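Heads up, the sequence shown is in the numbering used here, so the first residue is 7 and it goes up one at a time.
Among the clues, some could well be false.
Just the calculated beta-carbon pair ranges, DEER-fashion [claimed, not checked]:
#1 THR29 to ALA247: 20 to 30 Å
#2 ALA124 to SER78: 15 to 25 Å
#3 ALA247 to THR159: 40 to 50 Å
#4 ASN199 to TYR238: 22 to 32 Å
#5 GLU231 to THR53: 20 to 30 Å
Hints listed in this document are in silico derivations from the structure and should not be mistaken for laboratory results. Please read all numbers here as calculations on a predicted model, not as lab measurements. Note that the Cβ used here is the ideal one computed from N, Cα and C, for glycine as well.
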Amino acid sequence: AEATTHASALHMHVMRVQGYTITNGTRSTAIGDLQLGGKQSPPVATTSAAMTLNLDSNSAVGTYDPADPNGSSSYSTSMTVHDSLGAEHQATVHFTKTPAGDWEWHATVDGSDVGGTAGTPVEIANGTLTFDTNGNLANQQTIASSASFTGATPNQVIAFDFTGTTQNSGSSTISATNIDGRSAGSLTDVKINPDGTIEGIYDNGETIQIAQLALADFANNEGLERQGDSLYAATKTSGQALID
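Whenever a hint applies, use it, and build me the whole structure from the sequences.
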């Protein structure tokens, strides 16, 4: 009986934090209990993949073979891209020097990622890079870009950008990447700002506004009735709560 009474007393003192939910930057018009547990930040598909490289000007001229991209390219590098479901895929970009002196590039993923055969490379984008006599990038062109990852939005276009890439004598190497897209994130922490907005901090590195605390004012604050534990109740003297 003592345990039951104690549990009931605890239940009566449970407080609910109320406010307005924020979805995609828009605050709701109705106040309600703020349920923050279990919230996720949505996944975002990769749409841009920028990388800066040096491609060795002394590389031998070759002929790209789509059946053997690693064996027929002068240099290859890999990156992680995300589909519309947030699933990760390893994309490899292959660079091959052509008889004309420019470079062609081909981006591939494993066939199992796009409904094909595992272990077989499938091309998702390709183009060309042209350099001037000082080794600076003079022109870059994307000929095709389309990836239909299994179960995700089809024909995903990834804009490959090689701005800043050079063709100098020396080893082919990558110096910088900037690839967007992310997986879904789970809420790990919250931050409350001075204006009462609550930002959710997620394990995928995203920070998103998810709610705003509500404040109540009264026509006569002195008319509020003390309830103990720093709690007050509205009365006829205080007037009804004016909430925002």
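Evaluated hints:
1. With their beta carbons about 25 Å apart, THR29 and ALA247 fall inside the hinted range of 20 to 30 Å.
2. For the hinted restraint 15 to 25 Å between ALA124 and SER78, the CB-CB distance of approximately 21 Å keeps it satisfied.
3. The beta-carbon spacing between ALA247 and THR159, approximately 46 Å, falls within the hinted interval of 40 to 50 Å.
4. At roughly 25 Å, the beta-carbon separation of ASN199 and TYR238 lies within the given 22 to 32 Å, and the hint holds.
5. The hinted range of 20 to 30 Å is not satisfied by GLU231 and THR53, whose Cβ atoms lie roughly 57 Å apart.
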